[in-house]
Amino acid sequence: MAAEASGVKRLVVEVTEGCNHACLHCYNYWRNGRRSRRGRPALSRKEIRNLIQKVKRDAPLTQVALSGGEPLLRKDLPEIVCDIRDDGLSSVVITNGALLTDSNLDRYPVGSIFEVTLFSYKAELHNHIAGRPVFNRVLESLVRIEKHKSRFVLACVINKLNTHHVQRTIELGIALGADAVLVNRMNLSRHVLPLAAGLVPSASALREALHAADEAAAKYGIMIAVSVPIPPCVVDPREFPHLHFGWCPRGSSEAYYTIGCTGLLRPCNHSSVVLGDLRKENFQKIVSGNKTREFWAPVPRECRACTHPLKDSCRGGCPAASDECYGTRERMDPIVEFARQPVPAA
Amino acid sequence: MPEEKILGMVTKKGKLSKVRNTYVVTVDRKRVQVPVGEIIAKADLDKMVGKEVQVAISGGKKAAIVGIGLWPPAGPAPCYWIICYIPVPDLITQIGPSIRESLVRTMVSEKIITEEFAKEINVGSRG
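Note that the protein sequences, when read in sequence, are chains A and B. Positions in the first sequence are counted from 1; adding 220 to them yields our numbering. Positions in the second sequence are counted from 1; adding 1 to them yields our numbering.
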């Protein structure tokens, strides 16, 4: 495990917990007033740079994703992006896109990469899911990104309300200059559970949305990734030859450990579990420690007898979602409970 | 050595062999270990040992195998590639201006965006 962990290439840094949106499916564990900062101040620009450099000393880091909350709420975000570039790393800013103006975009290096969320090609639905009337501002931001000669990847999060909008939303994204697309199903956490019945798409609706994405990938030659794992007992990824499916990397070199805005290191951006304090401990020590090893270890009981050909990739879906919703990683991803229906044998 | 780009990802032809308990693909006279379990089950790899395979490669200089399947690929689609968390830069491919222009016209005709807004879109401005 230690050797694997030292191969970590990617990192997520949550530069703020604040957000100007109120997305229906938001999984962030600090949402709804749950405190995470424990009285600690948010990291300064200098501290963020120091922590990234600290990880880089321990691992062959190549890429940093800046997330939140909404990272653009930090006025010094362009300078943070420049710091990352100056340290020889690539960056991607994961944003809802509503706050990108001409003046703040000018402070980013040309060629910056943004990952921008668009829930629907229809303003009403996008605004409903985002909880704010921001659709037009997001579209304007996407045009600005292209004018700035930077790039964006469209991120469409699927829930029950927008499954039938996927293809048109991808097409709108391509029209506006998207260079790739992420089609991610919503991922559950504890405070979204009460809404799950109304938000989690059924397996058949999810399959329909993925077929629409698959068709778009084939038709336009755009890369489309489905990076939040979908257990094959819900929908079999092999039905979609043009999509790239992601699985939980479970502590391998593909893992994307996440630094919270106070410097606490977590297994990923979905988990609230704190593995260690990166300001006090070194990265290698944290990721090779028992707590980290134990976090990734369990395969849910219900999955141990699984015979699906992709069982070794799936291993129960998203362990962080199980942990957040059920308090244990011994149960399979809660998406299964809400979305599953009988599927034909492989 | 056959090499092609499927969905922007480099794929190459190689041969899979088993050395003790590890699986190795020989591509361009280089031997690269296949990560068992992360991208493919051990049982499926066993079926391909000794055969020609197609591998998908990601990661630039530090290339890593992110997908593997039998050569020639079966079925109507080239093959499916199961990869772990996908970094955004590896995904990026630029879409041709003609496709974009056509979609912009569609979006205007369906009143998804206005004619005025469409004029703001600089198709092909990044060159």
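It is possible that some hints are incorrect.
Straight-line alpha carbon distances no greater than 20 Å define the calculated SDA-like cross-link-like pairs of lysine to any residue that follow [unchecked claim]:
(1) B:K13 / B:V25
(2) B:K48 / B:Q34
(3) A:K367 / B:T115
(4) A:K276 / A:S473
(5) A:K369 / B:E121
(6) B:K43 / B:D29
(7) A:K266 / A:V232
(8) A:K295 / A:K342
(9) A:K531 / B:V37
(10) A:K369 / B:S18
(11) A:K369 / B:S99
(12) B:K43 / A:V232
(13) B:K112 / A:E344
(14) A:K342 / A:N356
(15) A:K369 / B:D45
(16) A:K369 / B:G97
(17) B:K112 / A:L345
(18) A:K266 / A:R294
(19) B:K120 / A:V363
(20) A:K439 / B:Q95
(21) A:K367 / B:K31
(22) A:K295 / A:S264
(23) B:K14 / B:D45
(24) B:K43 / A:D456
(25) A:K511 / A:S472
It is worth saying that the hints were derived from the structure and are not from the lab.
Provide an ascending list of the numbers of those earlier hints which the structure does not satisfy.
When the structure is compared with the hints, numbers 6, 8, 10, 12, 15, 21 turn out to be violated.
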